[in-house]
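Engineer: Take the given structure of chain A and dock chain B to it, following the hints.
Note that the protein sequences, when read in sequence, are chains A and B. Quick note: to get the working numbering, add 1 to the position in the first sequence (first position is 1). Quick note: to get the working numbering, add 376 to the position in the second sequence (first position is 1).
If you are wondering where the hints come from, they were derived from the structure by calculation, not from laboratory data. Remember, predicted model here, so these are calculated numbers, not experimental data. Glycine residues also receive a C-beta, built at the ideal position from the N, C-alpha and C atoms. All clues stand as given, with none of them false.
Facing chain B, a subset of chain A residues (Cβ under 8 Å, in silico):
1. M199
2. A297
3. V658
Quick partial rundown of chain A residues pointing at chain B, CB under 7 Å, derived from the structure:
4. A290
5. A320
6. M810
Computed list of lysine to any residue pairs in SDA-like fashion (alpha-carbon distance at most 20 Å, straight line):
7. K635/A - N485/B
8. K635/A - V488/B
9. K670/A - E507/B
10. K670/A - V505/B
11. K430/A - I365/A
12. K635/A - I487/B
13. K670/A - L508/B
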Amino acid sequence: MAVAIPQEAVRGRENYLREGGLLSWLITIDHKRIGVLYGLTSLGFMGLAGIEALLMRIQLAQPDNHFLSADVYNQFFTMHGTTMIFLVIMPLGLGFFGNVAMPLQIGARDVAFPRLNALSYWIFLFGALFMYSSFLFGGGPDAGWFGYANLTERFFTPGTRVDFWAIGLIILGFSSILGSLNFFVTIVNMRAPGMTFMRMPIFVWNILVASILVLVAFPPLTVGLIFLVMDRFIGTHFYSTVAGATPILWQHLFWIFGHPEVYILALPAFGIISETIPCFSRKPLFGYAAMAYATALIGFISYGVWGHHMFASGMGPIADAAFSLSTMIIAIPTGIKVYSWVATTWGGDFVKNTSFYYALAFVIQFTIGGLTGVMHAQPAMDLQQNGSYFIVAHFHYVIGGGSLFAFLSGIYYWWPKMTGKMMDERLGKLNFWLICIGFNMTFFPMHILGLGGMPRRVYTYGAGFHWAFWNMFETVGAFVMGVGILVFVIAIIQSLMSAETAVADPWDGRTLEWSIPSPPPIYNFAEIPHVHSKDAFWEMKHGRAQESRQPAAQPEHGAGGHGIHMPAPSLFPILLAAGLALVGIGAIAWLRITFVGVLIVYLAIIGMGFEYGTYGEHPSKERGDDAFPLDSRKVGMWTFIGSESLFFASLIGTYMVYKGRDLVGPTAKEILEIPLTSFSTFVLLMSSLLMVLALAAFERGNIRAGRNWLFGTAGLGCVFLGGQAYEFTKFFREGVTLQHNLFGQTFYTLVGFHGLHVLLGVIWLLTLAFASFKGMVPKKRALAVEFGGLYWHFVDIVWIVIFSLIYLMDKVTGA
Amino acid sequence: MSGPFAHPSVPIGVAALAAAYIVAVRVSGRRVTTGQVAAFAAGLAALLLTLTGPLDELEDARLFTAHMTQHLVLTLVVPPLLLLGTPGWMLRRFIRPAPVARLARILTNPIVAFGLYNTLLIGLHNPPVFELMCRDEHFHIAMHLLLIATGVITWWPLLSPLPELPRLSYPGQMLYLFLQLIPMAAVAAPITLAQTVIYPYYAIPQLHPFDLSPLSDQILGGLFMWVGAGFYMTAVFTLIFYRWAMRDDRDRPVVSDQTYGADGGGALVSRLRPAH
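Next up, chain A with everything else stripped away, as it sits in the complex (with noise of 0.2 Å):
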């Protein structure tokens, strides 16, 4: 049910943050709470990774310290980075800034899938819960953010630890993988009419293109995930050479990850900046395409030089060429960016608060960073850089010196606008000085300790390395950083106590969000803007002479006189996300737990499926504007399939590559059988045909055929299901089981997947076939049967593509 707030009660709705109990708070959708609760919840775990690295630094702070024991130490520096990467910078750029401020920014009510949104969140607090409880069994995760094969296996690392680690991550990605999916479709489709993509805010193209990049890098590191943890529970050799593997695939699948990730932390850091420096430079940001063109290449290279992080692997001279110079060429859009930045203040008229000097940080600390980051485009300095502390320096000047800084010149920006309170600034430059100067005594003297041999992620080291007095002062730099954040959480506490109000455009802003109360109300616009510049709120205000007449930004009256249709709170997102959490400790526990977590899942999603009445007429089309020419829930379900098509192909890839390094067979062309598969494959097509069938039912209104033809796509595909069982029970008793050889493990890892895929499907079907019964899938619904055939085509496609590939190649071509 949508819940409609009549126009004339909109005016005792002003706040969303005091609307309902605390309860209320569980059960919420709104974007901007949502936000809220990333960003508190970003910022404890940033304090759990600050005190971690606060001990990590009095162990280093003497040689030969004895402070925190090795294996301490491991846990600790493992968990600051993962803690670091995804748990309080992603998070906090897309998750706290990009709910924050990025529909507010386009002129919308919510975005795309508001029950999606809650979803995420509650998926990465409980997945981080999840790691963390790591804790409290046998320590936590010990074998480094990037958790580098084979030092992951089960032989080298026993016990619970990388195991939290592993399905930690996982659970987390699908947390990333549904935000980016929602902030994609809310972009692409709910801006205001007339904000085209060049009228866009600049830090709305950031979220946009950092939102791509998670769609397309989660899918691979999931791969990499599955494949670790199928390494340490059920015995295959992935990434062990025991088999003929090797450990390098991982480092592959983790940086093709890893470096797009870089970009994800970095973009919505980007895109803070690109507000702020305008904004209190009094000037329009200087080259806007400019800045868009950058934003958009930074995505389109990122994908294509994760090599560089491998050049200690030994990919030969030729590669190392080649990924130096592609790298080297990423560094000319981020240096797009700087100039820009730039240009912007030069003869600017400086408003300096806490979040332009914070801002004016960023620039230049995000440089120094840029700069180190160049140098290791180098493979032959890189050789000498790597593992050292110098690299250490370096992503914490990007990542720190840069993102965070820029983060907290967000929060300073946006605090207005969130609380409705404003932030003291005698207080804010406290905490800048004391975080900018701590900043720069821990990290800058790590380049020199780096140059100077200082190898990373030991916990102590000798008194004749003569490392004691840099290692000193940083640790001592540390600390400042440490009550420079004590001092920040000081001036939040001490704003929210405060009585003084903030006014609806403190900064005299330029985008849309300075347009409407601080802070919003629930509904966000009153009245949907009709956009007709960049900066529309400012031509709005100060307009150029000749259009003074018309107000740049012009309301538009699409109400439509019912007042505004707001979607209803739910319980099913934190119910799903609970269940997904009881998978994860399930596997680790108590394998029981698992299936009570997939079943709660499934409920969960039917639940949330069928939980508006009227499922066709989702409460986003009435947000105020019909000019969306394609359904939202479509463009989802594309861009869903998109990342799911990432998913198989990271499959397929590994089965190619290794493909033919079997030390002992039988391998495909031995066993595979392809008369018996061909079969299959007819089945699985001719399902296809029998689901477009259905659908056509159900858009004719005709349900009764439509559920008799969905019982036989289902039917079909039970069939298919069946003969690949016969095929797996066939080849296990022939000798080829999951840990037999390379051909056995990832082949039964790919077709299996996608068995699954299919028996989701076949559920799905079902429960929409049974769903029909009880009248609950009526014409108008029939858009939920058309994407449970997408869904099911997809499979269908999948399966030509591993079928072809997998079993026709090999036969075909007798090689």
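Structural biologist: For chain B alone, coordinates are given in the frame of chain A:
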């Protein structure tokens, strides 16, 4: 083994295309711009030079990199030039019959176009197929023709000369190009990073004048496809972006809903709609 007539099919094909173009212009009496003629001629020249010139000589001398370069030219240079050089009216009469029009609509649907080209790309570089292609001249010619044909189809959403089979919107084009990089990397990366020579045809000691071992040759060829083509695509990406920015950058004083509808996002998603 050398000279332009080593593979007579190439000059014959190029001459036939050139003749068809000239006849079409002469018979119809319609105008083609100098740019179009130049683009078409450049496309044909690239085709001829790639398949008959020194590059082909090197390919025959078992230089894998030369073969990869041929493929890149055939798929990334020739098709866009031919498309740029062909005015819409020249093609319109061919798609007039309803079945052809329907087929053309399906083939030029971005998802189909993407799928066709990349299926060929992935299938072709599978070692058994590649080996067969190298050893069987007829199969080789067929594959090259297929590469050009699917190349034209895959470039269609970017450079279509026909409004009735339209281009993608600019943001759609950029996303499309980005996605093209992924299968390309998926094919090139295993070739580049392989520890052994995976195509036996190229494993014999070199007949070419360069001091490249078969493995280094394979790595270089893979990199041409991966990083080299990546740079090329980056340049195309840049061109598209600036065309878009120049069109869209001007602040229009009054915007109607029609203008919004013509905006990139809208066109992008409506083109993603599956063909009914």
